[in-house]
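Student: In case you want the letters, here they are:
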Amino acid sequence: MTRLGLSRRSMLGASVAGAAGALLTTKAAAADKGADAPFDAETDVVVCGGGAAGLSAALFCRWQGAQVTVLEKAASVGGTSAKAAFWYWVPNNPGMQALGIKDEKTDFLRFIARLTEPDGYDPGDPHFGMSPWHYAMAEAFYDSGAEAVALLDAKGALPYLHIPEAPDYWAELAENKAKKGRVMVPKGINDAHSDGGRVAIRNLMAAARRDGVTVKPSHRVERIIQDASGRVIGVEASTDDGSVRIRARRAVIFASGGFTHDEALRTAFLAAPVMGGCAALTNEGDIIRATSKAGAQLENMKNAWLAPIPLEKAVAKDGSMVSTFAMTGDSMLIVNKYGHRVADEKQPYNELARVFANWDGAKSEHPNLVLMSIWDQRAQDKCASPYFGSLIVPDGIDDRHVIKGATLEELAGKIGARLEALHDHISARLAPDFQSEVKATIARFNAMAAAGKDTDFGRGERAFGLYLNGPAKEPGQKNPTMWPLAPQGPYYAALIVAGTLDTKGGPKTDVDGRILGLDDKPIPGLYGVGNCVAAGSGAAYWAGGGTLGPILTFSYRAAQAVVRDSA
Amino acid sequence: MRLLIFSVAVFATACLARPGLSAPPAPPRPAPMPGPDGRMLVKQTCGTCHTLGKGDKASEGPTLYGVVGRKAGIMPGFNYSPAFRKALAGKVWSSQMLDRWLTDSQKVAPNSGMAFFNDNPAQRKAIIDYLAKP
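These protein sequences, in sequence, are chains A and B.
For the first sequence, position 341 (counting from the first letter as 1) is numbered 519 according to the numbering used here, and the numbering increases by one without interruption.
For the second sequence, position 100 (counting from the first letter as 1) is numbered 91 according to the numbering used here, and the numbering increases by one without interruption.
Think of the hints as simulated: they come from the structure by calculation, not from any bench.
Check before you lean on any hint, since a few could be wrong.
To be verified - Stretch-level coverage of chain B by chain A, calculated; a stretch enters the list once three of its residues show a Cβ under 8 Å from a Cβ in chain A:
#1 34 to 40
#2 59 to 71
#3 99 to 106
Said to hold, decoys possible - Computed from the model, here is a short list of chain B residues facing chain A with C-beta under 8 Å:
#4 GLY26
#5 LYS48
#6 ALA49
#7 SER50
#8 GLU51
#9 GLY52
#10 SER85
#11 SER86
#12 GLN87
#13 MET88
#14 ALA113
#15 ASP120
#16 ALA123
Note that beta-carbon positions come from the ideal geometry of N, C-alpha and C, so glycine has one too.
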């Protein structure tokens, strides 16, 4: 996607050999340069990436006296974070402490084990069945999270607002001893709690400028530079005018995001049939190519922070999409190509998105590869929202994913036609009896909605579903998340597939962000924070804010390690 | 290991694209023009929040199709922040206004939704030129 910047020396080779030759020539020329060739600039710490991970790491280093340069691949900082709601989930955080909400360490680690390694979970084991690495990462998160966010707040870089009423996604699990209180958001967020990322990035950037962090947009880090001993001493980045070599006297910290937008890496590594996501478009797994020659060990590559995404937006490669965090609508249900419901529609998005990967061994297919959310005019009128990737949108908001039919028959016909039109991208077709089956499903759903109880999937019985659902739309509505679909149309549908917020696998780090080699030993001078490195949560989505809470924490720890290691 | 094989495969394919022995060699491909690629910048940076196509509706940000010369804050259905409206109501997205905006959007409209900072005049010009003529 980004044009490869050609160094001035390799321009001659490029014009003779054509594009392929240019690629090889540039790489050959770069590989020869190593530590001895001159640098174009130097600093103490190079941070690769200007999202929340990169900006916070830069600040944490700057506040300890280091000279810092942030290299941002896009034309401006922000990354995926700028689009996020930016909840950050932090155990035993300052807000909880102020309110006297207990969040004990042992209880927390047991809860994390239950989520992170459910298959080996053992409450009687000293590490609760977690691997040593998972245990160490969880412990580091608990130990440092509160300090990290307190410092960001104290420095005015990320003032927080505590949201004690936001329930944990896993509030119902017995192992969770603090079901509310861990969520923080940037102070100044809107009432819908949807624009936190913009608040966070503007605050972090303001602090970066105030405190003298250098930020260079449109610098794509492509290579690390190592000295003869293997220590990482700088990076090579491509820019509009060719490549630049920047010396890092103390450390290189990668914060370049995951590989959502590299189709080859997605296909090679991800367990789920992901077709795209709302990560920054610059998130193409650059760290993997840049650090592989240093022998970085890869971990957690099969996992991602998952959410449903509209199929049409994935196919159109609409970079502006927001993954569907809130499955809006009470007179709404989701069916597969057989016309059957497959899950509680209101469960946390990462868990809902896991059903896309269900496998039918008899038919050799993924029956839920594409799902259809179906709603009526009433839901369209009452439940439309521009926030959180709602599929039901108000006028003026992108609705390319919305299919409309005057009747259920017409809707089914149009769904089939839409799938047919997209057959280059997805093989799914409606089952021949989809129409009759979906009618039966709706009839069954309507009866359950009238009674207020989803006996198939428990919709509306979990705190998360109720919290994002908002208040009941009808007087006397027994289950705020359910209402019968109308007997008459029009009806609406949206096709959804597996998507990401971003991937969460990459080079493995220790508890202080040091990137490890295949021997589990740190590669000197090389650190990583955020979605570009392996998350300590495995496949689990611990809670809303379970992405950024750990990211800010490990950013803090990495900065401390950088200063200790290079003292 | 899979990644290594993949990388080797890509390079091998590139090498195999040679002309036959009897055909004259392909004319050399000119080196790409140095300088900012406005189309790429808009698609990859702006496109993370804004829709860009003719007839597109708002996404995380309002559509940028036709933005140059358009009044600020008028796209139907999009929730502009109060801070945005305060700073930009009635103003037009001229090239100069866009250039100030892309330099430091928070300076133009403090506490508004967009946090965009680019200190490279050539890049900003490339972005604005592309937006003016997509």
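Student: Run every hint past the structure and note whether it holds.
Tutor: Each hint tested on the structure:
| no. | hint | in the structure |
| --- | --- | --- |
| 1 | 34 to 40 | holds (count 7) |
| 2 | 59 to 71 | holds (count 5) |
| 3 | 99 to 106 | holds (count 4) |
| 4 | GLY26 | holds, 5 Å |
| 5 | LYS48 | holds, 5 Å |
| 6 | ALA49 | holds, 5 Å |
| 7 | SER50 | holds, 4 Å |
| 8 | GLU51 | holds, 5 Å |
| 9 | GLY52 | holds, 7 Å |
| 10 | SER85 | violated, 20 Å |
| 11 | SER86 | violated, 16 Å |
| 12 | GLN87 | violated, 18 Å |
| 13 | MET88 | violated, 17 Å |
| 14 | ALA113 | holds, 7 Å |
| 15 | ASP120 | violated, 13 Å |
| 16 | ALA123 | violated, 16 Å |
In summary, the structure is inconsistent with hints 10, 11, 12, 13, 15 and 16 from the numbered list given earlier, while agreeing with the others.
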